[in-house]
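Colleague: Sequence order for the protein chains is A and B.
Here numbering that gives the first Met the number 0 is used: position 28 in the first sequence is 27, and no number is missing along the way.
Here numbering that gives the first Met the number 0 is used: position 123 in the second sequence is 122, and no number is missing along the way.
Treat the hints loosely; a few may be bogus.
Pairs involving identical chains hold if they fit within one copy or between any two copies, as the list cannot separate such chains.
[Claimed, not checked] Simulated pairs of lysine to aspartate or glutamate, EDC-like, Cα-Cα distance not exceeding 20 Å: (1) 100 <-> 177; (2) 105 <-> 225; (3) 237 <-> 61; (4) 237 <-> 64; (5) 100 <-> 194; (6) 51 <-> 115; (7) 100 <-> 123; (8) 128 <-> 187; (9) 100 <-> 168; (10) 51 <-> 123; (11) 100 <-> 228; (12) 237 <-> 78; (13) 125 <-> 17; (14) 125 <-> 78; (15) 51 <-> 61.
Everything labelled a hint here was simulated from the structure, so no lab data went into it.
Quantities reported herein were computed from a predicted structural model and do not represent experimental measurements.
Residue-level listing of the chains:
There are 2 protein chains.
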Amino acid sequence: MMTNPHPLRAKVRIVLVETSHPGNIGAAARAMKNMGLDRLYLVQPVDYPNEKAVFRSASASDVLDQVVVCASLQEAISDCSLVLGTSARQRRIPWPLVTPKEAAIKITEHGAGAGDIAIVFGRESKGLKNEELQQCQYHVNIPTSEAYSSLNLAMAVQVLSYELFCASEAATPERVWDQLPATNTDLEHFFGHLETTLAEVGFHDPDNPRQLLTRLRRLFLRIEPDQMEISILRGFLKAVNDATRRQS
Amino acid sequence: MMTNPHPLRAKVRIVLVETSHPGNIGAAARAMKNMGLDRLYLVQPVDYPNEKAVFRSASASDVLDQVVVCASLQEAISDCSLVLGTSARQRRIPWPLVTPKEAAIKITEHGAGAGDIAIVFGRESKGLKNEELQQCQYHVNIPTSEAYSSLNLAMAVQVLSYELFCASEAATPERVWDQLPATNTDLEHFFGHLETTLAEVGFHDPDNPRQLLTRLRRLFLRIEPDQMEISILRGFLKAVNDATRRQS
Numbered sequence: 000m001m002t003n004p005h006p007l008r009a010k011v012r013i014v015l016v017e018t019s020h021p022g023n024i025g026a027a028a029r030a031m032k033n034m035g036l037d038r039l040y041l042v043q044p045v046d047y048p049n050e051k052a053v054f055r056s057a058s059a060s061d062v063l064d065q066v067v068v069c070a071s072l073q074e075a076i077s078d079c080s081l082v083l084g085t086s087a088r089q090r091r092i093p094w095p096l097v098t099p100k101e102a103a104i105k106i107t108e109h110g111a112g113a114g115d116i117a118i119v120f121g122r123e124s125k126g127l128k129n130e131e132l133q134q135c136q137y138h139v140n141i142p143t144s145e146a147y148s149s150l151n152l153a154m155a156v157q158v159l160s161y162e163l164f165c166a167s168e169a170a171t172p173e174r175v176w177d178q179l180p181a182t183n184t185d186l187e188h189f190f191g192h193l194e195t196t197l198a199e200v201g202f203h204d205p206d207n208p209r210q211l212l213t214r215l216r217r218l219f220l221r222i223e224p225d226q227m228e229i230s231i232l233r234g235f236l237k238a239v240n241d242a243t244r245r246q247s
Numbered sequence: 000m001m002t003n004p005h006p007l008r009a010k011v012r013i014v015l016v017e018t019s020h021p022g023n024i025g026a027a028a029r030a031m032k033n034m035g036l037d038r039l040y041l042v043q044p045v046d047y048p049n050e051k052a053v054f055r056s057a058s059a060s061d062v063l064d065q066v067v068v069c070a071s072l073q074e075a076i077s078d079c080s081l082v083l084g085t086s087a088r089q090r091r092i093p094w095p096l097v098t099p100k101e102a103a104i105k106i107t108e109h110g111a112g113a114g115d116i117a118i119v120f121g122r123e124s125k126g127l128k129n130e131e132l133q134q135c136q137y138h139v140n141i142p143t144s145e146a147y148s149s150l151n152l153a154m155a156v157q158v159l160s161y162e163l164f165c166a167s168e169a170a171t172p173e174r175v176w177d178q179l180p181a182t183n184t185d186l187e188h189f190f191g192h193l194e195t196t197l198a199e200v201g202f203h204d205p206d207n208p209r210q211l212l213t214r215l216r217r218l219f220l221r222i223e224p225d226q227m228e229i230s231i232l233r234g235f236l237k238a239v240n241d242a243t244r245r246q247s
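Here chain A stands alone, though its shape is the one from the complex (with noise of 0.2 Å):
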């Protein structure tokens, strides 16, 4: 099982309905690799597993290693807390209708914390039903020209791949900090203070020493110190030695 890791691409099923082609299956998944996507759900696939799957995805047959192929659409959403359903057209009655810009959008304001995220797309000759797609928050229209609409299913899975991934990147913000950030020798010289001052107040544990120093590096290199912050933790283990070497 690969692990996906962008947090929220890691959150986003492609799930096709009914898909009478399996190159366009191996034609997905391979757009989706290439857009950090790797989950890929199956609702009744017309004929897969088959070889021509794997011929179209190239180098993206781990994603056909991991498909979930599912009996109902219910079933391969049923956990997803944003299901997004693709139509090329406005239906009777009227659903909340998104480009796939904004569908991308969506899904990052959405965020990776709260549950999964489904954009389901339909069968190659007529699209997904009003049933099918009346169980979707949003409906996803690719723009199109009017002299030919029907796009291919694997070209429709590619631009909204494409928009997730550009809109994913762009949702990681550059941290915009007002210190400069703790380099690895200002780590280093911390831990060395850390660990002098922990066998010096006596504070470790005596079946395990190696594991809380561990811990302890893996916490502070978590959190990314900045300068200022390490200069004051440092302040506070001297104030710590100080006060020890007084008392003994």
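Chain A is already provided as a structure; the job is to place chain B on it using the hints.
Modeller: What follows is chain B alone, placed relative to chain A:
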């Protein structure tokens, strides 16, 4: 011959260089027509015409019917005043690099009135060669996951065509300019003249003459000179030639 009703998109050609798989040509034609483009140029296609292209084009076989097959990239772009080349990676000498969205904005700013526009795509296996990329004003890089950065060729055409469709549907003011932009042929004549002149005056790095020319190409291509400016530059080179020849 179709007549594209959209004035800007009518000026845009998609150029595929040495495509191996005819299916990709057909899929690219479909992606183009979905996004309101219809001018497809093929530079030395490996296997074309081919029924696989027709099959994958679906209802875009009219785009294939009017394909222009060229013997060289030069032939495919010589009358274009804006040429963008797709590239998966940054090259040794960096070129102005744009995202698909930025490329679409460049094209809409360039406008319908100022000469034809080409978007060039390389071989499935290894993209465009350096000398091909150096004929382009801009390099377009489709953002991708680091885990798998190689898009299928027709998918890349889809993404660029989609962005161009979105940008060209949104009304963007055209660039207003008092001179026509230089064509690719104007520029190549200028570069030829420049190279001769550099040799005549003895200005070149004998250890690395090619990089000097590449850097000069990049500089002048980035400027997007108009025809008057090219005349002035060539007038200057001519004056240098005359002065040099009088001396010798």
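Colleague: Should residue 100 paired with residue 177 be assigned to within, between, both, or neither, using CA atoms and 20 Å as the limit?
Modeller: neither (27 Å within a copy, 32 Å between copies)
Colleague: Go through the copies and call it for residue 237 and residue 61: within, between, both or neither, with a Cα cutoff of 20 Å.
Modeller: neither (48 Å within a copy, 61 Å between copies)
Colleague: At most 20 Å between alpha carbons: which applies to residue 237 and residue 64, within, between, both or neither?
Modeller: Cα proximity of residue 237 and residue 64: none, with 45 Å in one copy and 65 Å across.
Colleague: Is it within, between, both, or neither for residue 125 and residue 17, if the alpha carbons may be no more than 20 Å apart?
Modeller: So residue 125 and residue 17 pass the 20 Å test inside one copy only (10 Å; across, 35 Å).
Colleague: Have a look at residue 128 and residue 187 and pick one of within, between, both or neither, based on CA distance no larger than 20 Å.
Modeller: within (18 Å within a copy, 46 Å between copies)
Colleague: When no copy is specified for residue 105 and residue 225, does a C-alpha distance of 20 Å or less occur within a copy, between copies, both, or neither?
Modeller: Close inside one copy (16 Å), not across copies (40 Å); limit 20 Å.
Colleague: One pair to classify: residue 100 and residue 194, alpha carbons no more than 20 Å apart. Within, between, both, or neither?
Modeller: Neither, since 35 Å and 46 Å both go past 20 Å.
Colleague: Which holds for residue 51 with residue 123 at a C-alpha limit of 20 Å: within a copy, between copies, both or neither?
Modeller: both (16 Å within a copy, 19 Å between copies)
Colleague: Are the CA atoms of residue 51 and residue 61 at most 20 Å apart within a copy, between copies, both, or neither?
Modeller: Result: close within a single copy only, 15 Å intra versus 27 Å inter.
Colleague: With 20 Å as the alpha-carbon cut-off, assign the pair residue 237 and residue 78 to within, between, both or neither.
Modeller: neither (24 Å within a copy, 73 Å between copies)
Colleague: Regarding residue 125 and residue 78, is the shortest C-alpha distance of 20 Å or less found within a copy, between copies, in both, or in neither?
Modeller: neither (26 Å within a copy, 42 Å between copies)
Colleague: Since the copies are identical, ignore which copy is meant and state whether residue 100 and residue 123 lie within 20 Å (CA to CA) inside a copy, between copies, both or neither.
Modeller: Answer is neither; intra-copy 22 Å and inter-copy 28 Å both fail.
When the structure is compared with the earlier hints, violations turn up for hints 1, 3, 4, 5, 6, 7, 11, 12, 14 and for no others.
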